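Starting from the known structure of chain E, arrange chain Y on it as the hints suggest.
Listed in order, the protein sequences are those of chains E and Y. Sequential numbering from 1 applies to the first sequence in this note's numbering. Sequential numbering from 1 applies to the second sequence in this note's numbering.
These are calculated hints, taken from the structure and not from any lab test. Only a predicted model underlies this, so the values are computations on that prediction, with no experimental measurement involved. Take the hints with a grain of salt, since some may be wrong.
[Unchecked claim] Example chain Y residues on the side facing chain E (calculated, C-beta under 7 Å, incomplete):
#, residue
1, Met123
2, Glu124
3, Tyr135
4, Ala463
[What the hints assert, rightly or not] Computed cross-link-like contacts, DSS-like style, restricted to lysine-lysine with a CA-CA straight-line distance of at most 30 Å:
#, chain 1, residue 1, chain 2, residue 2
5, E, Lys70, Y, Lys414
6, E, Lys75, Y, Lys269
7, E, Lys73, Y, Lys10
8, E, Lys73, Y, Lys414
9, E, Lys73, Y, Lys483
10, E, Lys87, Y, Lys184
11, Y, Lys483, E, Lys87
[Said to hold, decoys possible] With beta-carbon atoms standing in for the labels, derived distance ranges:
#, chain 1, residue 1, chain 2, residue 2, range
12, Y, Lys484, E, Ala101, 54 to 60 Å
13, Y, Tyr507, E, Gln302, 58 to 64 Å
14, E, Met47, Y, Leu469, 29 to 35 Å
15, Y, Gly220, E, Thr368, 45 to 51 Å
16, Y, Leu469, E, Ala319, 39 to 45 Å
Where a beta carbon is used, it is the ideal one built from N, C-alpha and C, also for glycine.
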Amino acid sequence: MAFRRKLVASLTAVVSFVLSSVVQATADLNMRPGVTETSQEAYDLHMMVIWVMTGIAVVVFGLMFISIFKHRKSKHPTPATWSHSTKVEIVWTAIPLIILAALTIPAVKLLLKMEDTSNPDMSIQITGSQWKWHYKYLEHDIAFYSNLSTPREAFENFEGEQSEKGENYLLEVDNELVIPVNKKVRFLVTSDDVIHSWWVPELAVKKDAIPGFINETWTQVPTPGTYRGQCTELCGKDHGFMPVVVKVLSEADFDQWVISKNEERIAAQKAAEAAAAASWDLQKLMALGEKVYNSQCAACHQIDGSGTPPMFPALKGSAIATGEVAAHIDIVVNGKAGSAMAAYGAQLTDAELAAVITYERNAWENSTGDLVQPADIQAFKAGN
Amino acid sequence: MADHRPTGIKRWLFTTNHKDIGTMYLWFSFIMFLIGGAMAMVIRAELYQPGLQFVEPNFFNQMTTMHGLIMVFGAVMPSMVGLANWLIPMQIGAPDMALPRMNNWSFWILPFAFTLLLSSLFMEGGAPNFGWTFYAPLSTTYGPPSTDFFILGVHMMGISSIMGAINVIVTVFNMRAPGMTLMKMPLFVWTWVITAFLLIMVMPVLAGAVTMMLTDRHFGTAFFDAAGGGDPVMFQHIFWFFGHPEVYIMILPAFGVASEIIPAFARKKLFGYSSMVYATASIALLSFIVWAHHMFTVGLPVAGELFFMIATMFIAVPTGVKVFNWVATMWQGSMTFETPMLFAIAFVILFTIGGFSGVMLAMAPVDFQYHDTYFVVAHFHYVLFPGAIFGTTAAVYYWLPKWTGKMYDERLGKIHFWWSMIAVNLTFFPMHFSGLAGMPRRIPDYNMMFADFNQLASIGAFALGLSQLFFLFVIIKAIRSGKKADDRPWDGATGLEWEQLPCPAPYHTFDTPPKVS
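Chain E on its own, in the form it takes in the complex (with noise of 0.2 Å):
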């Protein structure tokens, strides 16, 4: 009996600490209902099948506990003989199937909606690759990386410290996908090299990104706003680290955006153009390497050098970080076929190329003196 007191005692504090943390946490209990018209009757389906479920479990369980309490030996100590009525058995057949075959009606029209792509006022290609979103609008001379926000040090808390996270910790990226409100938004979801899956909750968009194929998807948010999401398909490592970060403008906003991001194109351009033509010091080089290096290198060959072979392999030291440049400059231009390392060329412009590569020669012990400069990849990608 003593130990039955303190079973029943000891239930009792973990039942309420249970209650007390969930009602703590009562706002997220829930799928939210979203933003778009999808999003909210993808939510009312998911509340209906709760109820039908939660009135199914009632009636089961509830019988269930009626016969345990009831049908205990010492209170029912001789047992039925019975074991078999094709009646019963027809009709608990026949009421899930009636059930079932009316959850699927809602179901089977929303899904109808939810894949139909047509009519699109603009669409945007998103391309997933280890690990960041690349956007590209189509109809808008538009295209840029999405990375992680978050610093590393917010999240790497191996020695005990703990450092400060924000409200949107791992969901925030340094530049957000932008798109108008009320305009029906064509997604065209692809990858560069693993299977990814671009999702936000709160728009119900959940797309996986495929190497080699593209798959459509839409949405159309009637608010403004920013909504955040994330991978959700284990595309490696990093596959935490990547954020979708979605910001919602009025149609006059958007438009501005668009204006701004070409003049910003235009002037990095021509900064580019200009930082092509120039001849650039070590110093110069290894400051901008290091951070072009830390940002796009480091998640893989890590902040010094070291790499985590044999995956990926450590550049401190290595064969082409103190080879010949040639070989050097082609591997971050263009990659290497069959393994993780991407191709650079495109997404970095020609003086972080050669910042880079520099750094990468210069650094960790690596020390072969070379500088690469701007027009040498210049020459590099004329003569590929």
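Showing chain Y alone in chain E's frame:
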């Protein structure tokens, strides 16, 4: 009749006795269960709070991958084969399995297969890190060098499973005692025959998938590489054509266990025996036409999505029939609640909860929101842990007196039950919420909004991990110093093994076929 057998290690190496082999399968699966569980502890420790505290993301991925592979292929499947070995010959009145040497071989492959698989943890580049579903091209072009050991290991496990399945089928169809007609077989035997057919149909498909991976990796083929004219999505079709029946391979024998235990402790015949058999067979057949419900987001044609959605939802019908039959078996019975019964009832309730989330996941337009989130993790752990594993646990408590001649300590058994019951729900129920809130699966770190539920799940997981050590203690205590069991320790238990054999069952049983009434 005198037993002729080598002693010491040779007994276990060379044995062709179904009871010895069953014992080895069960112990092997329990060791694997502890190893896979230790990996789950690493995962839950890392997810206890936001930030990376203990392991690098790449090692985290190795843990999720190995945890899945070990639990599916090393813990659940061999434990079911162990039960089959021990019980099927006794339940159908056969002296042994039909192919005893093959039986020995199919067991002894396993330690080697898992040594290969586990050795990858110590290799340069680490163990496989692409999830137990090993989607191409992450597992082909981008896989670590140890992937080849994984491929070989999977081949060996596959061979072992296929041989085990053939053995069950041959035994059941040829070695039943006179009078033991198919429709008189205990339900555990039925569910296992159906499982065995699933195994021989899908394990070769898995073997095909890993072979294609191997040639893609090393011999210049491009089955799963679009650049060479292949298709990464084809990998998923092949994998899930194996993978979905695999889910039922893991659960059907547990259905059989529940169908033995519930009538025994309700002291009432199983309700609707024949509809149980037909429901099991329909679940098995349906399992071949629903595989793409794991792939609603890969960009299937909408007609395909409709087909797989509707087919999947209808699996709920035969599954519902089974649950209703169990409840009807309890109804107006005369129940007592010993440990096996407690686990069996928890199995029915918690498996059904997993079934409810299964219906939700079947609905494609909502699945877009659930897919690859913790909601899915909650769902399949509800059908696997309180499903397959509670089923096996119930079986161990129920048949332990038959196997060892000893009784476990009922009080400890009940502590084990309540401990597991609370821990399992504390671990997996919050995962529904973190999934609905938007937390993807297989991530080593997460936003603050998921923190509370992850902390709860981690606390539950540690308790659940410990409960397994307690289980080990209860069993070892029973074997070493348990009370001697009566020949009929459960007054409601029926079947040849209870009615015609003593406890413990002698080394050789039914040398002459029993009479079946």
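Results of checking the hints against the structure:
1. Taking 7 Å as the C-beta contact cut-off toward chain E, the hint placing Met123/Y at the interface is violated, the least distance being around 9 Å.
2. Taking 7 Å as the C-beta contact cut-off toward chain E, the hint placing Glu124/Y at the interface holds, the least distance being around 6 Å.
3. Taken as an interface hint, Tyr135/Y checks out: its beta carbon lies about 6 Å from the nearest beta carbon of chain E, inside 7 Å.
4. Because the smallest distance between the Cβ of Ala463/Y and any Cβ of chain E comes to about 9 Å, over 7 Å, the interface hint for this residue is violated.
5. A threshold of 30 Å between alpha carbons decides the hint, and for Lys70/E with Lys414/Y the separation of about 21 Å falls inside it, so the pair holds.
6. The hinted pair formed by Lys75/E and Lys269/Y meets the criterion: a straight-line CA distance of about 19 Å does not exceed 30 Å.
7. Our distance criterion of 30 Å between C-alpha atoms is broken by Lys73/E and Lys10/Y, whose separation comes to about 47 Å.
8. Distance check on the hinted pair: Lys73/E and Lys414/Y sit about 18 Å apart at the alpha-carbon level, within 30 Å; holds.
9. Distance restraint check for Lys73/E and Lys483/Y: the Cα-Cα separation of roughly 24 Å lies within the 30 Å cut-off, and the hinted pair is therefore satisfied.
10. The hinted pair formed by Lys87/E and Lys184/Y meets the criterion: a straight-line CA distance of about 22 Å does not exceed 30 Å.
11. The straight-line distance between the Cα atoms of Lys483/Y and Lys87/E is roughly 46 Å, outside the 30 Å bound, and the hint therefore fails.
12. For Lys484/Y and Ala101/E, the Cβ-Cβ distance of about 56 Å falls inside the hinted range of 54 to 60 Å, so the restraint holds.
13. About 59 Å separates the C-beta atoms of Tyr507/Y and Gln302/E, a value consistent with the hinted range of 58 to 64 Å.
14. A hinted range of 29 to 35 Å is violated for the C-beta pair Met47/E and Leu469/Y, which are about 41 Å apart.
15. Separated by about 35 Å at the C-beta atoms, Gly220/Y and Thr368/E break the suggested range of 45 to 51 Å.
16. Between Leu469/Y and Ala319/E the beta carbon distance is about 50 Å. The supplied range of 39 to 45 Å is therefore violated.
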